[in-house]
Each structure stands twice: as C-alpha cells, then as structure tokens.
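**Q** Here's the letter readout for the chains.
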Amino acid sequence: MSNKFIWTKKDLLGLEYLSAEEINHILYTAASFKEVTTRQIKKVPVLRGKTVVNLFYEPSTRTRTSFELAAKRLSADVINIAVESSSVRKGETLIDTGRNIEALKIDIIVVRHSASGAPNILARSVRSSVVNAGDGWHEHPTQALLDIFTLKEKLGRIEGLKVSIIGDIAHSRVARSNIWGFIKLGAKVTVCAPEKLIPVGIEQTGVHVTNDINEALEDADAINVLRMQFERDSKLAFPSALEYFKQYGITSDRIKKCKKNIVVMHPGPINRGVEMSSEVADGANSVILEQVTNGIAVRMAVLYLVALAKKPTSSLPAKVENM
Amino acid sequence: MSNKFIWTKKDLLGLEYLSAEEINHILYTAASFKEVTTRQIKKVPVLRGKTVVNLFYEPSTRTRTSFELAAKRLSADVINIAVESSSVRKGETLIDTGRNIEALKIDIIVVRHSASGAPNILARSVRSSVVNAGDGWHEHPTQALLDIFTLKEKLGRIEGLKVSIIGDIAHSRVARSNIWGFIKLGAKVTVCAPEKLIPVGIEQTGVHVTNDINEALEDADAINVLRMQFERDSKLAFPSALEYFKQYGITSDRIKKCKKNIVVMHPGPINRGVEMSSEVADGANSVILEQVTNGIAVRMAVLYLVALAKKPTSSLPAKVENM
Amino acid sequence: MSNKFIWTKKDLLGLEYLSAEEINHILYTAASFKEVTTRQIKKVPVLRGKTVVNLFYEPSTRTRTSFELAAKRLSADVINIAVESSSVRKGETLIDTGRNIEALKIDIIVVRHSASGAPNILARSVRSSVVNAGDGWHEHPTQALLDIFTLKEKLGRIEGLKVSIIGDIAHSRVARSNIWGFIKLGAKVTVCAPEKLIPVGIEQTGVHVTNDINEALEDADAINVLRMQFERDSKLAFPSALEYFKQYGITSDRIKKCKKNIVVMHPGPINRGVEMSSEVADGANSVILEQVTNGIAVRMAVLYLVALAKKPTSSLPAKVENM
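Residue numbers (this note's numbering), protein chains in the order written: chain V, 8 to 330; chain U, 8 to 330; chain A, 8 to 330.
Among these hints, one or two may not hold up.
[To be verified] Pairs of lysine-lysine, DSS-like flavour, derived with a Cα cap of 27 Å:
#1 U:Lys50 to V:Lys49
#2 U:Lys17 to A:Lys41
#3 V:Lys159 to V:Lys195
#4 A:Lys161 to A:Lys11
#5 V:Lys41 to A:Lys17
#6 A:Lys50 to U:Lys17
#7 A:Lys17 to U:Lys16
#8 V:Lys49 to A:Lys50
#9 U:Lys317 to A:Lys50
#10 U:Lys161 to U:Lys203
#11 U:Lys41 to V:Lys17
#12 V:Lys50 to A:Lys16
#13 V:Lys50 to A:Lys17
#14 U:Lys41 to U:Lys11
#15 U:Lys263 to U:Lys195
#16 A:Lys49 to U:Lys16
#17 A:Lys159 to A:Lys49
#18 V:Lys50 to U:Lys49
#19 A:Lys191 to A:Lys266
#20 A:Lys11 to U:Lys17
#21 U:Lys49 to V:Lys317
#22 U:Lys161 to U:Lys195
#23 U:Lys317 to A:Lys49
#24 U:Lys50 to A:Lys159
#25 U:Lys317 to U:Lys191
#26 U:Lys203 to U:Lys159
#27 V:Lys253 to V:Lys169
#28 U:Lys49 to V:Lys17
#29 A:Lys159 to A:Lys169
[As the list claims (entries may be wrong)] Each pair of labels, with its calculated beta carbon distance range:
#30 U:Glu225 to A:Arg46: 38 to 46 Å
#31 U:Leu162 to V:Gly208: 23 to 31 Å
#32 A:Glu65 to U:Asn221: 53 to 61 Å
#33 A:Arg55 to V:Asp289: 56 to 64 Å
#34 V:Gln236 to A:Glu91: 15 to 23 Å
#35 V:Ala122 to U:Glu166: 46 to 54 Å
#36 V:Glu91 to U:Ser121: 15 to 23 Å
#37 V:Ala89 to U:Ser247: 27 to 35 Å
None of these hints come from the bench; they were simulated from the model. Predicted model, so just to flag it, every value in this text is computed and none were measured. Backbone N, C-alpha and C define an ideal beta-carbon position, used for all residues, glycine too.
Could you build the full structure based on these sequences and the hints that come with them?
**A** Printed below as a string of structure tokens:
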C-alpha cells in the first residue's frame, strides 16, 4: 500500500470485486482524508465542479447523510433523489433512470437498491461512476471498508486478526461485505448466529461457522455485532428479541471473558438490549461512534478515487461482466 | 440573434409571451452554457450569492433535478420546497407563500403548479424572478426550449422545418409550449392524436391537425412524441395502451417510411411499448438523451437571463397583465 | 451592547437562559448580517467548511428554509434530516441520534422536536452546538429574537414599550419565548386570550393578563398576534374560528382605536379572517414580511455566534443543568 498505486476502477460495487491491494489503497486514501475532517475548515476542493447523485430506492438517513457530507467536504455538488414509490419514477426502468442521470453529466451515482446486483446493472449501463450504498442482501462495501479502517486504526493491522461477525448473517449485506474484506486482508473470520440465520454454503467463503456465542467470542480480537431486525427478516428465526438477547446478546459479563482489548463494532443503529447491552455499546471496548466518524473519511476516499480513476477499466471481473 | 440583444424580462412564464428574438436569445445563451457542462469543472460563478427556490406543488424528480443542477452549475444556492399536501403550508395562499419567499430575499422562484396560470399570478405578486416549471395544461416553457434547442443543434435551423407533435395534445403543457415556440420560429407544426385528445380550437394557433399517424409522419423533419398517461388523463380517449400503440405507437416500421434523418424527440420518461417502441427510443434517430443534457444548458440560460435582466420590464404583455 | 462583548455559549436553547446583554449581542450581530442580505452577492465566508444539520422531528417549511438559507449565506454546508416517522430512525433514541450526528463532525445541530426540553437534552449530550428551532410548547427562541429585532428596528428601542401578545398563549412556544425576551429587555408585556388559552401561573413571568382585547390594544406600542390552530390545540377553547375573529380578531376598526404607529407582528402563516383581517395583515402597521426578512439575519447571527463561541461554557444555568 503506497501512494504509487494507480486506481483504475470507475465504480465501487462490492469488496468481492476488489483486490487486497485495492482495498488497502482505499484505506490509505481514507487516512489522509480523515485528517481533513479534523481541521477548522473541513473541506478540500478536489471534486469542485463534480456532481454526485444519491439515488436511494430504499429509505436511508445514516448512509445517505454520510455520503452527502463526504461529497460536500470534497466540494462536490450533491443532488438527493429518493425513489421510494414507483409513482415517482412513473415506472421507468433502472437502466433508463441511469441513462437519464448520465445525460445530466453526473460524475458519480451513489445507489441503494432492494435488489441484489442493481448497482452492477447500473454500472454497466452508464459512463458515470457507480458506488454501491447497499443492494439487497448482497453487499454494502463502504460499511465494510469503514469497519476495516476502524479496526486497523485501533489494532494496527488486519492480517492474522480473529474477527467474529455475530447476528443475522443470512439477511445482512454488511456481513457479506465484511467477510470479503476481512478475508482478503488475511483476517480469520468466524460468523455466529442461530442456525436459521446462517446462509447455506457460507463456509465456501472461507469463514468458520458456529451457533455458539462463547466460541465466537473466545480469542476474538474484534467482534462486529449486526443489527437484529425483529420487525422484518430476523423474526422467523427466533421467538423474541428477549430470547435472542439472552442467548446471543453482547453483555458486560460476556465481554469480561473476552480478550482484554477486544474491539466491539456495530454498523448502527443499535437495538439496545437486543443484540447488545447499553453498557457494552457505550463501554471502553466500543468503537461504534468512531466507525461513524471514519465512514466520512472512507466515503471521501471512495468518491475521490472513482471520480478521478486513471485510464478507467471495467469495475467487474470478466466472469461477472458476462453474467 | 446576437450577443447585443438585451434581455429585460424578469420572469419566464411561457413561450406564448416571448418574441422569436427572445427565444433565439435564450438558445444563443444556452449554447455557451452547454460548453461549460463539457468542462472538467462544470461550474461558473455567474450566480454566486444568488438564491433559487424550487417551489413544487406537484411531485417531480426530473424537472426539479434539472433546475437544481442548472442553478448549482451557475454557483447559486438552491432550496427545495415540496408542497404536496395542504397541511405543509397550513392553508397559506399562493400569493402569501410568494411574498414570504420574496421576503427571504430569494432571487428566483422556479414553480410547478397544477393550476394553469399560477406562475403568472406569482410573478405579478413578487419582485423575485419567476420561472414556470409546468403549470396545469398550460405551459412548460423550458421543456419546449430544450426541444427546440436540440432540434436546432441537430438540423441547423428551425425555420421551414416540418415538426409533428404526436400524443395526448389535450392534456399536455409540453405540447402547448412546443406549438408556441416552433410556430414563432417559423416551423410548420402538425399535431396528431385520437380525436378526443385534440383540444377544441387548437387550429387557431396555426397548427395543422390530423388523427392519421401516417399523415403526421410523412415528410416530417422531426417528431415530438408525448407521454401517454393511461393511468390518468388519457384513459378516457382510448380503450387500452396496447390499442394506442397499434394505432399511434412509433415503431421501426413506421420510422422506415419517414425521411431518413427524421429526428425523434420525447420529453421523458418513455412508456416503452406504449407511445414508442424500444427500438426507436434507443435508435439512431432518437435524440431523447441529448434533450436531457440540453435541458441543463437551457435552464442555466433561463436562470441567468432572468436573474440579471437589465431594466426589468413586465414579463407579460399588457393584455395578459390586465386579465 | 458593543462589539467588545464575548459570546461564550455553545448553544441557543431558549431566551429563558440568556441575559439581556446576550440577547442584545445577538441583535447587534444580526444587524450587521442584515446588511449582507442587501448586497448583490448575499454571502459571506465566515462559516466556510462548517456543517449545519437541520434535524426536524416535526414538519416545517418556513423555519427550516430560513435556517437553511441563513447557513448557506454564511457559506456553511447544510444537511436536512426530516424525522417524521419512527421507522426512519428505526427507534433510535434522541441521544443516540445526537451522538451519531456529533460523530459526523457536525458543527451545529438545529433541532425542532415535539417534546419540550428535547434540545436541552441534546445539548448536554453532544459537543456540537445545538440551536432550538422550536420544542413542544416550550420555546422558539429565534422567532422571538426576530420579533424583538423587528420591533427595535421599527421603534428604536424595546425598553419601556408596551407589547401585547394576543392569541393561544397556552399552546404557543412563540408566546413563551416572546415573554422571556421582551421582559428581559424591559418591555411591559400583556398577554390576551380567552380564559382557557391562558396557561395557569403565567403571571409569575411578570406579564399582565387579560381576556379583554380592548384592554390589550389600548396604549399598546406593538401587538404580536399568534396563529390560532383551530385544526389542533385551539379548538377546545372556542366554538369556531368565526366566533374567535369576532371577539379577538384584529381588524381595521380595532386598529383605528390604537396608537397611530402601533406595530403589528405575526409569526406566520396568517389565518386571514381568523386572528387578523387581510386589511391589517397587508396594512401600513404590519411588519409581518419584515419579520420574515429579519429572520434570516437573526439566524445568521445565532449560527455564527454559537459556532465560534469563545471558551465555550455551558449554555444552561446550573439549576437547569442538574435537572
């Protein structure tokens, strides 16, 4: 990882499609942008005159706000398009929407969509850069990048670390991007959830699978605790949030048995008393708010790199291209 | 048309109220702004410190986004106000809303309203410039200006061209603004639709009227194909979208019988397979995405001209003023 | 009041917590910002690189727009977050939301909330500055500051003036902030409403209370007429809007019996024919639109002062801090 690396991809679609070197280059770039956000004037003119569209097919406040801030701190102009009801787009297809946005001379489209692979389709249809802000249960690459950035900042490295991802793995794009990213950088990844929340075949990604929370916590250098969505997907797997908390919730008692400096991450927003107790969320091991801070720096890096990609090449490997 | 023309109108309310010379001056100004949007830094400081309010009483993504981008590329600040439910404005009248916006020292109000003539009322009530972004079935002047700009860019002139407007003429503000604009610049305009979608007395504007699609296509230099709104207004006139497509839809077969370089326009979003086939929409004669691109340049020109109008005069002729 | 005063509070939570000297310093600062809004380029770079979040838990167009414009005219970046349904925040607490926003390195949070005291809680939880844009029936300090600014601009002073606040005092945060502000600056304040719309114990703030509109108007130098919300809170107190207008509505006839230069204020939007006739709203004594204009200057002053507070101290007196 050095500043001699030349970034060539026009899009960021998922960590599956990036090399370790590319991931490290994003982290390296994010570190220098993080310094910007500590200045009195938290703004650099590197994307002045560029335009970013936030095209959100699912409601989002946190991710949209983080991208909007990142773009503004790079001096780009930002347009928010919330596409929550089909009537708004009058039935226009994703590709037609993309081509119309491209025709507006938009440099970067940040897209969130309920369909896995939607950003890939968009990226192939337009010359604008496409950044995936979460697609179905597929990937949420900037979330994983900020998780990795935060952990590396905390422990100095990723390689050789033992990272456990705990929660609804089956319905989590955050889990999927985390797995790709941490494994590519040489961490040992365990996923831990009730049986019904483990997707079939997940072992093939190289992760260790367990249903036992104690096994997941033992020797872990870091845990990434996923949000349980009892109001949505997770409800099928477990009788109640209370039951889940009893069996899998991260409590002070459980943390006391872990490595002393175990790093506790969570993508937010936290369900206090469901996947994690308040003591842990606000405790000394938690880096949850640092993750939020680092999200800006990581997204600044991603927007900057894709917008200024040298000799841009396809962002997907040939196999995926020919899907 | 030259750069010696001095623009004096504070508002853009409709093409009905503009002279051919004024329309040409907007096109001339738009051409120079189009160049700006091809630069690396797509931004000029001409409206720095000015404020534009997008006051939309009807939902809109495309037109609002285009105006927002145009304003930002002129370095203006933009505020979006979506007034979709009466509760938001707590029953305030249009004139009170306008005077409040004026009191905020807003330079330009871009307004879309379901009532024909609403922008005219607003323009008479405030010193701020008012730009009509679509009012009822009355006018959508910037759409017509971008249609004219695109056709002129493609064919080098407007005068003497044969332009056919096809679709729901009765419920289309786009049609109305197109008719005013093209006729003032010397084109021969035909409107073509099923009988029930032709407004009574439309011949008085100087257009030729037909219900026969073949007559509309024959000898046409350009066609402007309107969106059919079978979910709304158009449904009364025709049994089904399929039936409409069969009788009036623009297909490759129909295009093959036209002039070789016939220009195909559509204000978007397209109903593929209703008013136009995908082959035509994406084909060599289509300039639909160029229209989107040109929309930015035309709106930059309009915002620039009304904001910096010299010795501003009333934007409406005396007759209309005294309505 | 001079420019040697040093502002130290990081927040603006209510006029209850400010000294007369602090209120006067805001007015003094607002006067210089008002001059900015009369320039061709209505913008100063004093908050460049700072970020303002408008965090609105209640819908608002007027106040949100005014704060957004104020921030942009100071060259700050602005992010709007509308939290109208709990689903948007997925049940996150106010404090968690605040800490997340703080982690985004936001300089100022402008908050509107239906719960009285919510901004106080937020201010204690974050290092970011917090500006109250209206909380429950508690305070709406920037509205009162712009009322005071406008009256002082008109009559040259506040001390010794007789100011009557007329309308639904019980359910009005505007009334409460007005009372604190005007009394601290030495005005004599009368509140006038039907009995049921006078909150219990209001006399303890030092105001004179009456149910008689004639008494409230007699000798008044200024009146601040509140919006009657017959669709909400006010309906319990009175049979109908028409009945209210007859007994308490400000009409030309009533104004004729007042001091010749009586100043008529209203926070907007006006219910014409309910709390005030159109003749009065648009008449020579009305400063209602000047209030709107001054709102920008006052909010620019507040954002500027809290963002650049020297040696920031707590914004609440010890008593409130320890609540």
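**Q** Could you work out which earlier hints the structure fails to respect and list their numbers in ascending sequence?
**A** 7, 10, 20, 24, 26, 30, 31, 33
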